[in-house]
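Colleague: With the hints as constraints, model all of the structure from the sequences given.
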Amino acid sequence: MFLLWIAIGSIIMMFAGLTSAYIVRRMQGNWEAYQLPTIFWISSGVLILSSICLFVASANYKRNNYSTYRNFLGITLLLGIVFCVLQYKGWQALMNVGILLSDQTPSGAFLYVISGLHATHVLGGIVFLLIFWIKSFKLPYPQEYPNLGIDILSTYWHFIGILWLYLFGFFMYYQ
Amino acid sequence: MANMHQDTLHNDLSHDVIHHDADHHEEGHGHHKESFITKYIFSQDHKMISKQFLITGIVWSLIGVFFSVLFRFQLGWPDESFPLLEMFLGGWAKGGKLDPQFYYALVTMHGTIMVFFVLTAGLSGTFSNLLIPLQIGARDMAAPFLNMLSYWFFFTASVLLFISLFLQTGPAAGGWTVYPPLSALPQANIGSGTGMTLWLLSMAVFVVSSLLGSLNYIATILNMRTKGMTMMRMPLTMWAFFFTAILGVLSFPVLLSGALLLIFDRSLGTNFYLSDIYIAGQQFTNSAGELVQGGSPILFQHLFWFLGHPEVYIIILPAMGMVSEILAANCRKPIFGYSAMVLSILAITVLAFLVWAHHMFMSGMNPFVGSIFVLFTLLIAVPSAIKVFNWIGTMWRANINYTPATLFAVGFVSMFISGGLTGIFLGNSTLDIPLHDTYFVTAHFHIVMAMAGGFGMLAGIYHWFPKMWKGRQMNDTMGAIHFWVTFVGSYCIFWPMHYLGMTGVPRRYYTDEYFNTFNMYENLNVFISVSAIIVFAAQLLFVINFFYSAFKGKKMTTENPFNYNTLEWTTPIEPGHGNWEGAIPAVHRGPYEYYKDGHDFIPQTTPDSALK
Ligand code: HEM
Ligand SMILES: [Cu+2]
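Protein sequence lines, in the order shown, are assigned to chains A and B. Numbering of the first sequence is given in this note's numbering, commencing with residue 1 and proceeding in unit increments. Numbering of the second sequence is given in this note's numbering, commencing with residue 176 and proceeding in unit increments.
Each hint should be verified, as a subset may be incorrect.
[To be verified] Here are some, though not all, of the chain B residues that point toward chain A, as calculated from beta-carbon distances under 10 Å:
1. Leu390
2. Ala420
3. Val424
4. Gly433
5. Gly469
6. Ile708
For the record, the hints were derived by calculation from the structure and aren't laboratory data. By construction, the Cβ of each residue, glycine as well, lies at the ideal position given by its N, Cα and C atoms.
Modeller: The structure is reproduced here in structure tokens:
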């Protein structure tokens, strides 16, 4: 658990590096402003919802309501996948209005790389969710530290959610 | 939850120990049976992992140093040809002369290998792994499995870079700092092709390895100290490794993001770093036929040096920690100013993040911004000076026990002073204007980082050798010869470079012959090259001593024949997995109680009641 917190620290540094590069580059001019497509609002909502579901799932797990746990975990998983699909749609929408990865100005490239890197972290979380969901069918089984896994998963997932909200706000502010 | 996690491990390992006690097996044939593979290859024992890091590091250092000897041949004797070179290097040394392309490749590989693979992985990886559990009193790292992964990621990174040495187009050749646009455009230079791709992959894997390692070091130091081992009772090595790990965790991800953008520029047609590029007089266009515009190569420099400067402290802090420990232990005196030492490591760690742009004074930055970086840069001299003062204070009037480790530790202090002083020259932006990218910089960082870091590492190897190789010690006479040749030789190599630099000789040039302003140093260059060859030979002596002693060296007969205070000398001569056979000893005092109240030394495990 402690390891996860330090790992989160270093993920934060990676995004801090990228977003500050973004700001520095934007100040140098020759920057094509973009409008974030509405899909990103929806995807943000989906991600928040998924966090709430995971929260409920975890609470139920701790009260040994394993079937409710499994259901909410499943919903979280689904919402996570939906989020990734929506991000993809969002990128497509941006491409359609001419914000390209490879262009004369790098605003689009920054947007794609940063949000893409975030989506990769979400994918990592999805894999975790999937493993937990599959294991949940076998519950209850003896575990030495029954809460550790779900706590790590929750912390990571909520972190990824908050990270996205930060990035979303960041993109809106510094278009 | 952190505690729970720790408990799991404790439980796990105390099983081991009970088992040991039962059948007096030292090799850790606990409840998991150890085969050759789990013991020597995929080992999770921190001591074995440490040896893996060390051996890999030694192999890399031989390659890296050998490369520098190769290009010193070119610099020392630019007109001569060496048929032997052609025999070994084939097309890279046609007619016995190094190909200019290959010269750049050698310089780049030398820098990358020495900075990352030897002085980061080889130094910090070896000693953090070896000493953290032994000195804080833990059975192993917080997460032994991640620890093993950390080594294997490093190994993978090594393999990737090693493969790139044999490419037809050669390895990366844009300098260890891989500045774009040169590194971003495969068309620009053959070394920016596949070699550069492998460099980036290797670095990405290396960063993962370093992060896994650092996570473990931090978690272990914070959570797994034995009873009585408060933070302020930890040996200074522990503080140094702790802050090194923090630096690594916070700065390597930024390098990773910089490298990521570079990978995108290279392969996906983005232009984060590219703008208005001309290659061989032709304007460069992307795959769509458009001009490439809008990127900023300076951006890369910011991202790179945001890691790059902390990186130099990632190298030097562990060396500082080990030197402090070795000096106190062999001067038989308490370290001078323990808490000042801790605070100055802390100050260095914080400041290390605030000075990166001193590498970029010449990149066209706003002079006002530059002056802020001058201020922070010069501030770093304060904690550095405190440390130097304290080392000298520790040695002052001491009855020094001149083991090879002590010699190298004293050498470290000398190097650190000489190189730190030239840092103050460079840290002033006005002075840096003529000195930037000259041999003055090369001299500065080799003395303060490469030599000091290398001396710290060697000191550590000599000092803790018995803890790695079943209680065997290295040969002292060979060690002393190794030290004196290396010490004098290193100054002979790098001191004259200051003069070259002050007259403007640029670094990284293949030859200076064609420039009237600085082609008068032939003899000096020969002198430097000869010194380099001699120093290289002395390292071979060290390698012989190392491997000979590992198998045939004199064996310690008791646990603590040198009367040291710290916990690693309370473990059995050949500690098994789990380190202590019985319970982990509790700690009652700080690590540096030498020559106190009429006692020559008081081990950390001695309770006050035992002193009467
Ligand atoms: C008093 C402390 C120090 C000051 C004021 C200082 C200042 C500087 C400055 C201003 C430069 C840039 C020179 C240029 O490129 O024009 C530089 C380069 C460098 N310094 Fe230091 N330095 C100090 C200590 C150190 C230490 C302790 C290390 C390593 C352990 C170190 C390693 C390096 C390296 C590796 C470079 C060159 C990197 C490259 O361009 O390839 N310095 N230093
Ligand atoms: Cu620096």
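Colleague: Now tell me if each hint is right for this structure.
Modeller: Status of the hints after comparison with the structure:
{"no.": "1", "hint": "Leu390", "verdict": "5 Å, holds"}
{"no.": "2", "hint": "Ala420", "verdict": "9 Å, holds"}
{"no.": "3", "hint": "Val424", "verdict": "5 Å, holds"}
{"no.": "4", "hint": "Gly433", "verdict": "7 Å, holds"}
{"no.": "5", "hint": "Gly469", "verdict": "4 Å, holds"}
{"no.": "6", "hint": "Ile708", "verdict": "41 Å, violated"}
The structure shown violates just one earlier hint, number 6.
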